[in-house]
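Using the hints provided, position chain H relative to the given structure of chain P.
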Amino acid sequence: MPVRTFGIPAASQDGSIDGTAVSTDAVRPAREQIEVPSPSEDALLASLLTAVENNPDDPVLRLHVAEQLSAAGRAAEAVQQAAAVLQRDPNNAAALDVVRRGGAQRPSSGTLGSGDPEVPAGAARQDDPAGPDGPAKSLVGSDPVPSEDDRAGPTEPATFDWTAAESEVAGVVPPMFVDGEPEVPTDTVDVEHPALRLSDVGGMEQVKARLDAGFLAPLRNPELRKAYAKSLKGGLLLYGAPGCGKTFLARALAGELGASFVNVAFSDVLDMYLGQSERNLHETFQTARRHAPCVLFLDEVDAIGQKRSLLRNSAMRSTVNQLLVELDDIAGANEGIFVLAATNAPWDVDPALRRPGRLDRTLLVLPPDAVARDTILRYHLKDRPIAAVDIPELVKATEDYSGADLAFVCEVAAEKALLDSAQSGHIRMIGMPDLRAALREVRPSTGPWFDSARNVAQFANEGGTYDDLLAYLRKHKML
Amino acid sequence: MTGSPDGSAQLSRARALVELGRFDAALSELAGVVASDPDNVQARCLLSQALLGANRPAEALTAAQHAIALSPDDEWPHRLASIAHHELGDRLGEVAHAREAARLAPFSWRSLVRLSEALSDGQNSAEANAVAARAVELAPHEAATHSAVGTAAAAAHRYDEATDAYRRALSLDPHDAVTQNNMARVSLARNSARPTGLAAAAVGFSRALGTDPTLDVSRKNLELVLRRFLSRTAYYLFVVAYIGGRAAGSFDGPVARSAPVVLLAAPVWFGWRFVSRLDPAVRRHLLTVANEPWLRAALAFAAVAAGSILASAAVSTSSRQGLLGVALAAALISRVCVWLGLLSRRSDPSSRPRRGRNKPPAGSGPSHR
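Quick mapping for you: the protein sequence lines, in order, are chains P and H. If you want the numbering used here, it's the 1-based position in the first sequence plus 10. If you want the numbering used here, it's the 1-based position in the second sequence plus 328.
Looking at chain P on its own, in the form it has when it is part of the complex (with noise of 0.2 Å):
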């Protein structure tokens, strides 16, 4: 049966007669507790409540249906029902009448289960012989005088207890006026354990250990880090052509600290709304927060953090600021916090950014070396029905290649067996041919990217931010 909820409180939802509406799921312990049906009925009012949900604006329906449901044995869903009938039509009698039987259908709240609360005072009134109304007007509050006949009945309460009244319907009726937004911390983005290592990354053994200089080891020592005064504030930018593993190299680091893992996308932060954006973003580093240690990967750094100069919307130059106010971490509640950044662009990252304390250390993750691309390319054909395929060989024609080239040449040869598989009838394994071909089909991807990069490295070095870019640029005689 399909659980359908009507709005109401979460405390109410285990099945309680609140004179509003329950879950029908919720209240399926009360029933078993009750009485069991036999199947034949059982279909029948389950076909019923189908129709119900077909046509939810058909009070008599309803009403036969909680009618059926009363009969059956099922009062919390009848009054359920009802209560529906109610929401609509306050006075409708039968409605009303199937509610008061409900109420002294149902047993006492220890009876229905252990986390059920006592039956309000509202609900309690419905036991009343006081006449239609009288329920149907506590329900709703709308009279707050007790009747005569209240007042003359030795067992009601004096008074009406609008405290547990106003509990019962907070879930249904939103308060009228409230001092700010409630504070109930949710986390905004996916929070990952990851179970990845520095040593599950392929080759990139330079960046591992300037990765490892650099950041793990101040961490792993900190009373080196407390003798040396080294503070741990500040990020980490990786940078390099698209496709080379930096988000798995930023995943890895997180699993080498044993961390959370935030991976903010500019998607995630990205809001039409103003200031809904830098919220994302503030909420985002709260959710960090509350996992720390959590290492928060800020992916395409350069859509959240573009350069102030280029952006005409002021939306997102608001954007970079909150950014930087997150980083600057005023209130010092970023401790445990591990910064890290991606992006392809650094050139089109705020510099402000980059000052110390915020992002202040790059790093330059290249196409995969040798041994990396050994790895990724026996990643990528180790479930595929292979034969003879000389990893060596490739290894040595795909320099330059990303890791996403190699998963595509991949997939483009294992395209080129099938296809041929399936004109031919014969199913053939992938060879060398298929993957020389995928070769002769794609090309390296990182072109356009080092082009850029020349240029930055060349005429915008500044500072030496991209020495080690130009050291590689020189080495592969890319200058």
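If you're looking for bench data, these hints aren't it; they were derived computationally from the structure. Keep in mind it's a predicted model, so treat the numbers as computed, not measured.
Derived lysine-lysine pairs resembling BS3-like cross-links, with alpha carbons at most 25 Å apart:
#, chain 1, residue 1, chain 2, residue 2
1, P, K485, H, K548
2, P, K485, P, K406
3, P, K392, P, K406
4, P, K487, H, K548
Leaving out everything else, chain H in the frame of chain P:
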């Protein structure tokens, strides 16, 4: 206008994504909006802008034409259509749509800037200048209007005026790489024969590249300037060797003997003036350019020519003629090598960039943000 709040949100996201240069993501957002609300002019225009950014001018033109059909009195789609025609190399279409945009929104500086640029491309510089001046009147604090004045003036070969306008534009927006590039072009056009002019152009192009490393045309222009310098130097060497040879054949004595050496000072001075004005980064790049096979050969022959000229001062008349002949031949070969080097990497110094990679085309945004 978009009807649903979801469509409005998608449109706003798409606008932000276009500004961030995330054209593919913007196109995904816009596909949904256009599918649910095909008569949404804003969505069609944004789609055209994103397609222009993604280097798909033909599709951008189609999207702009859809928008024009839906709202013929809106200037934005006409402006986008004009840019799309420009990218497709259709000058007539470019100017026609730019004129229509300016007619529909005579007080929109963006429309006027687009028209001015379209007219400058078509060498209709007088009208381009007048339109750009009107744009400056309307929006004196917008760098793009001053840049348009500079472009119109440059098209009319009024280089001083163009330089002033570009300077004003850069004072308003120092990070405008396209204007930096265009200013360097003016410097090159104005002083291409002088080493200082060549050096200023080289530095200007390198600055444009530093500001926007994706501006490929600046890279090409920079390399062209450096090759032009090498070509000039080889040419001067050739002239020195030729005059020296002729002088050695016609005259004798200390003057004739020292004339080639004195004349050799001209290309040396030219080279020194150029190199000394370069940034260290550009100087290093000059060495890189000169390291290409043709240019390396050119430099080697140039060195042979210079050595022969220097040696000719210390030998007898008959030997001098021979050495100057060698110098002449070496200088000639050097020049041919430079020419071949230029031929293999020919680039167009007159191309005016509109944007770098992953940047929305200049002037493609809506009039009212």
